[in-house]
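J.: Here is what each chain is made of, one letter per residue.
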Amino acid sequence: MPDVSDFILKLQRRRIEGSHATARQTAELLRSVVSQTRMPYTNQAAALLDAVRAVGEQLIAANPVELAVGNIVRRVLHIIREEDLSSSAVSFEGLMISEKSDDEDDADHKGGPVLSAAAVAAAARSTLRPRSLQTLLEDGPLPAAPSKSSSAGDSEGKSKSDKSAVGKRLKHSVIEAINLLIEEIDDCYEDISEQAVEHIHQNEVILTLGRSKTVKEFLYAAKQKNRSFRVFVAEGAPRYQGHVLAKELIQKGLETTVITDSAIFAMISRVNMVIVGAHAIMANGGVIAPVGMNMLALAAQRHAVPFVVVAGSHKLCPLYPHNPEVLLNELKSPSDLIDFGEFSDCMDFGAHGGAPLMHVVNPTFDYVPPNLVSLFITDTGGHNAAHMYKLIADYYSADDLVIKRKSTSSN
Amino acid sequence: MAQKKGGKTAASDDPEELARTPLQAVLLADTFNLKFRPITLERPKVLLPLVNTPMIDYTLAWLESVGVEEVFLFCCAHAEQVKEYIGNSHWGQSHAGFSITTIESNFSMSAGDALRFIEGKNVIRGDFILITGDTISNMSLTEALQAHKDRRKKDPDTVMTMFVKRSKPMPLTHQTRLGNDEIMMAIDPETKQLLYYEDRFDSSKRAVTLDKSLLADNASLYLRTDLEDCCIDICSPEVLTIFLDNFDYQHLRRHFVKGLLHDDIMGKKIYTHEIDSSYTARVDNYRSYDTISKDIIQRWSFPLVPDVLYAGNRAQMRLQREGIYKAPDVTLSPSVRIGAFTAIGSGTIIGENSSVSNSVIGELCTIGRNVSIDGCYIWDSVTIEDGCRLSHSIVCDGVHLHTGATLEPGVILSFKVEVGQNITVPAYSKVSLLPQPSKQDSDEELEYADTNSGVIDSPSIASISPANIEHDHVSSFDTEQSVLLEGGLSGVGYIWTSCETGNEEEWRYSVAPIPVEKLKEFYAKMFDEDESSSDGEQTGITHSGELISESKSTDFDDSDGEYKGDVSKFEKEVEETFERALGGVAEENVQLEINSLRMSFNVTHAECAGAVFQSVIKSAIIASNSSKSNLLKATIDAIERSKGLLSYFITNVDEEIEVILKFEEMCMEITREFAPIFSSVLHQLYDKEVITEDAILKWESEKADADESDKVFVKQSEAFLKWLKEAPEEDDEDE
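These protein sequences, in sequence, are chains A and B.
Going by full-length UniProt numbering, the first sequence opens with residue 1, and the numbers climb by one from there.
Going by full-length UniProt numbering, the second sequence opens with residue 1, and the numbers climb by one from there.
Mixed in with the good hints, there may be bad ones.
As the list claims (entries may be wrong) - Chain B is faced by these chain A residues, among others (derived, beta-carbon under 8 Å):
| no. | residue |
| --- | --- |
| 1 | LEU331 |
| 2 | LYS332 |
| 3 | GLY341 |
| 4 | MET347 |
| 5 | ASP348 |
| 6 | PHE349 |
| 7 | HIS352 |
It should be emphasised that the hints constitute simulated quantities derived from the structure, not laboratory data.
Beta carbons are placed, not taken as given, at the ideal position from N, Cα and C, and that holds for glycine.
Isolated chain B, as found in the complex (with noise of 0.2 Å):
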């Protein structure tokens, strides 16, 4: 109530708000990726239940707990069922001040295409908020929307703030508790805005590439990697038209925000409002939807809990002690053992010497007896018959687990799929009642193939009568299937095999615990990188440093791991045109391609001159023709040949060093065939005044200090040497 009227004051005292816009948002009922397939293939992600409610219901109760007025239901998938679950529900009712306008369209592949729709629409009149209907938050939203509107006034250009929270004390609890990435941003502590953005960040990798005009414009900047995305915007109605004129853009943060941040010419600015106490969290994969439910059965979400928020026609649950929810008529055996932190939905009834813990049951679900149940979400409508066992697993809306059935943790049972007797269905596989689809596409293109497929494959659900189904089963068996099956007892279902990067990813992603070895790895692994990091350099990045543009020591340092990998690339491309040139193209030309490259890999000159030796001396081998005798006089005549190339890439006394210390590192690596000729072809390159005296003579003292075994070509161009030394004198003799 509080909330409500400081924000309505706040906006009548403004000025220039005449007309009051009302505060619009737009919920993305649909969030473009596969990750809770098979499930997804039957009923849209929203409106799975999460502790024994639809998502969405969490969304929109805190749309409307925030004083949202308008909001904009964007369908895409299964859009049929969000508007019937919609309708019926109480937010179909009219609230006063509270509307639901659903916008459909089936063609929309990914949140970029849905806000382009919605441009289209031409409904947003204001600053709105954006919200994927996944999305379990009791955040306050006055102060952030205040806040923005205040920076918009002060600077058009700001088109976005983003919610952040911070919720990572360790460094893997993103990957370990939500199954999430890494994310990490920098942030301008003054007026947090947002500068970078990075939501795939490898911190095991233990550097980043910024770019040098982020410390050279900022005085001070924070890089964050404790802070956690919430996926809630206010944007200003111009993300639409940006949307909308990059049509390229899919991703709301890989392609959206990163495109903005990139992109110096708009100007248009991010900020971030980091969120203190309030909870934030979004449904991802199967490992956040274990955590969050975990979260709300411990009251995180307060007021957004099981036994406050309820709709209408559900029974409400009532809180006992150890956080066990339960509905008024639940039938329990008294032999039933119920643990902590369990949900049971209203008209389930479980049977005797039973056992539930840390699990949510739906609503009108059997449980027979001697049933141990662990960790489990069981839906609604489900039969599972004596002496089954489940650990970690998804079981959907009727399924039926004949007697003594065992899921295995991570195992996921899409609807009405059936278990026979005394089956074991093992760990991390998904069984549902539709096949897999058989195409997979790339990487990429997966992303934003859930809309179409689920668009396609929810009628022939209807189409398919339960009784062909079984048909076609028992016609269509593959191994997998069978599995199912033994005993002779009914089981249906498809046991989908992992379609992403294969099963040691399963893992990560599943409501199962992650095995214990599995974890020792992980963190084995970070922490033997943790330890050879701190012993390289001092500045990795802490939680929350601060990174002052003084010390941009960091910035290259840390460049320096992927410019390595750039060189021997840069080298390869350089060998490629030089062998180009050789076939006839243009000098000219090929000192312009030679030199873009040197641009575009962003090497040093000596780098380059190196390369371009190194090409030389590999087209020498190959005029060659791999007889020693040739050797020398094909060198000659390559470098005779490419004598004006080189000339042009070494200007100076370090090019050419570096042109020595390149052949030199030929000689012991690559070509060992010029390791005899070493001295000669120096003196070659000498003569044609490729590399001058200076630099011969600079080599070889640098070298003095070196091993014995470095000093190997040193000891062969002795006599050269020796010669050069005098020959000066005889120059200054000349003269």
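Same shape as in the complex, but just chain A (with noise of 0.2 Å):
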């Protein structure tokens, strides 16, 4: 498949970064996949399942550091596995026992009223936490759960149609459940925002670092209901992506001021609440973020500001931190820090006795470990750190959290 080849290259060359492009794409092509699978008359399921995991090895290895391209693999993974059941519980009953004792917990979850009571179970825990016990509870009506479990009651119900005509096949509900996918990770920055004004208050200081495209709509939204609030950029060096987020607020009329990263301790005693971006969102409820973010909420929780990281659901990811699969960080060139023209005579081997003298690190990535993190606010509501295991059971099934063993092992 060319597509497939030539996505590949495209993550291999780091041509196509950042999660929501990853993410959406992935789910385009698994898409495309998906529809130009041959379709065998028995065990379909595994058919697709095969092929879908057979790219998403090579996807995932074509960028191991993208996290949401694997997610977005084991989400259709899941899809397919969540589809099947549905549509084949006439047909294979027997030979599906194990798989479908498995799925009923995965429906279970899915259903609107019991992901919402799953929701209330969060709320509870989260009141261990007294600093997000105000911003939960003020959650409390909680603007996503509708949103929420309206979009479950439509998957609900095209499972159900789906159901009802048996005759159709496996493929086209799998093709239309991608679309949602699809569409949910395209709505990922509403459904954020529309829950913004539940946390940005009025006079409030909001300090941000570098850019993420969903703190900038979640901002956007706030400012869109009429609140009145300032914002920290930090500027997020070396890329200095904060340049670009200060442009893009003032330009929306949000009062910005621009610091360095290292004034953030200076300055955090004077902000309500600090809101990130992330890279993904681990199963323990770690975030690997964007380099300088652990030490932001290191500085958040020393003067106890909230600290919230906004992420869309392909950004969790079923994987623990320690897991060998997950590559957590990605050195960039030294050409961000440091101008190669001033610095060619430090890298003068030949002058220097042959070993290098200079290191430079221009690491990505930071991780944020759980605790540090006061509230996620993901498409579906917000969340205490500890809740995300459970959130991420509703997402993947158990048996895709590691593809290429299970793939090996199919073959």
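Dock chain to chain to rebuild the complex, using the hints, since each chain is given by itself in its own frame.
T.: As structure tokens, then:
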């Protein structure tokens, strides 16, 4: 499939970067993979699973640091299992007993009412944390809950309609479910920013670091609802994406202060809330985020400032940061930090006895441990770090966590 | 992605490009030089691994990433190997929008030949990128390409955009870092047009000769020595035609660029594009191989780094702390010490208590116990037995080092060489299974000879089986050969004697770090020159000093150095001409000849007069048969004989003074015989109206302030001078 190799190459050469772009394109690619897969008469689901897994494995290997790719592959695998269960309940009852029980579990979580129950449980759990209590209480009516339950209801309706039309092929239902997934990825900004007014209050000072589109939309939404607040933007060295964000915010009429990353600790005492984006949210509630974030989180904790992470659900990663499959970081070119022309004499190995004396380290990401995060805001509402594993169980099935091993065993 | 989009939309906006031509690139998979001998006898340079990936992969990956759609891969030496590699790699499979076409020619001896050959193929339809297969880059092309197109629209004479990179804070960094020559360019600060290019610039000379018109025609220009030539160009199709028209153009820079810059008639223009943050470098010699490998390991070339760039069948490397790259299936004994900035390929096994630092180790290597490896490049399937010591060497595929072998810095072991037990391979030696070609061409030919011999050599490898080779060697040891075989154990390979400028230069282009004493010498030389030049003239060329055309003084000052040498050469030429004149050539012809000499050497009239006079005096010496009594007479004869010639060249007072000074100088240095008869000869010159009294009197007054020693001849001619001073009054009285 030429599309696949093309996409793999783009991932490899780092020409597609960022969770949103990679997630969306992965979903689109997998949709075309599913639609191009030749369906056997028996065991259709297994054929689809194999096809997706084979492609998925390559995609993940192409750029392991883009965890969103793996997330979407796993989501699609989960979708196939689910759709298979709902459509093949009639024909393959006997064969699928074990998987079915597993799947029933999943279905339970997936159901609208159960999910909201889970949210309530999460809320109850999060009351244990005094700092997030307030925010969660204000979150109480949970504007996300209806939207989420409605979307869940949608998919429920879809799957029901699939069920009613038993003759319909599994493929179609899977494709439709993937379409929904793509829609969800596209809509994540809206869903998240709907909750903005609940979190940002009048005359507050918000601090963010670097540039995250989710954060930007979140702030825009609050501004649109006529909240007046101020934003501190830490510039986010060495890529200085904060400068871009500041520009964008000012265009929307937001009062913005740009500070250096090193001034964060000095400024944090004036800040009411830290809102940042993330690269990925791990299963333990830890966050992989642009470099400098851990420093910010520690500063926020020191001054008891809520540290809020906004992220679409495609950034939820079912892996733990200690998993060997997880590549936590990527070291980029030193040219972000220093000018090659100025420093080329420092890399003069011929004159310096052959051993490089100058080391430049330019990591892309930081890991923020779960205990530093006060609240996660995803498109399904606010969550506590400790609740992440539960949320992840809704989206992924446990069989797909390690894609590589699975595929080798099946081959 | 964004880049590509940008490029495409920009192209489609352009109304002139109705049928969009795909972006093409010409990749020269041959470098047409011998710097990587003896390795390149067996494998083309572009396939040599750079941090475990063939160089050509870096180049192709870059071309692919900047949106090039058609690549014409020109292969020459070892064309089969290149084609086979491309065919088997993932480049061979068709990608959407990226195709590679190989063009093969066995007769091309240089880049110029290659481009002429490609012109003949008639495949280039628009602007194309010209690059060699050993160039590593991660720069973006969009901006430069657009700029090139805009310039082309405005001025169709624009033929090329050259990429340059600022890379040199220290005067010697080019040489010590990459082993390259210093480059000096003159660039118009406004338009970025390249006005002057010198790729063998000697910065120690601290002087540069520019064409005067360069300063006259340009309001301002930058003279820069801190730029590195990236060896990547955007060319217009005309470039190929220019190469076709100038069949003697061989080298891209030395001939083509310089040729165009000197040629005012065609008026073709070359522009430069300076890249700032991205990385570009070309593997030109062993030193740059070492430096660029280290740059890649330090991730300057991101995303073309070992853990990202990997071909399909190779296991992916993973980056660990301190810049250690390791493939997943490396077997290391627990006691192995891996130092910083090291890459280890898959399937490699390293035994107990070995240590590796600053090195690259390829795939499927077996390294024994207690081995120490520092700063080495070990390619694939190498076996190193226990206790070997390797430092700063390149070890090619299939090499076998027996127990206790030692490689001193700068050693190159070509394919399948074996080093016997406890043998020490001396520093900077190059060892190959193939004997060194005995016939050494002249330097200039050497540059282009690679392709030829490469083609001839490659089949010979195939025909000799390993067993054969060993036999050959047993019978044909020279003394150096036996070094390897000491101890009675098998060692295979010829030691090459350094083919280039001898051992002195070896350290310059070697993978080994520059020896401390050489470095000191280097810098000492540099700083001496620095000080002396700063005393002499303030206008030494700063790294990017702007030279405004008003301050022409630099130009003249600078030319002084060369000019002195030229005058003595000129004098010699004049002398020879004069001798021929004595043989009976018509006087007018001699005049003409000397005049044209004067023009070509660009000397002043006065100097010319001096030279002619010198020749006359010298002829007198010859005529006098070196007997003193005859000398005066002979001189008078000679002056008499060439009176016409002298008066032709000696036309005003300044020239006359020059002649007297010259004569004085000669009497003191070359032709001491004349010293006693100085005043008589002077008198003769006056009598024959070669020199007027004004000149003589001026000469005297000039000498008035001189040292006593300088006044010897003034004193000698005192009587004559006195008489002269009185004479005018007589003349006046006469009138």
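J.: Does each hint hold? Answer for all of them.
T.: Status of each hint after checking the structure:
no.	hint	verdict
1	LEU331	holds, 6 Å
2	LYS332	holds, 5 Å
3	GLY341	holds, 4 Å
4	MET347	holds, 7 Å
5	ASP348	holds, 5 Å
6	PHE349	holds, 6 Å
7	HIS352	holds, 7 Å
This entry satisfies every hint, going by the numbered hints stated previously.
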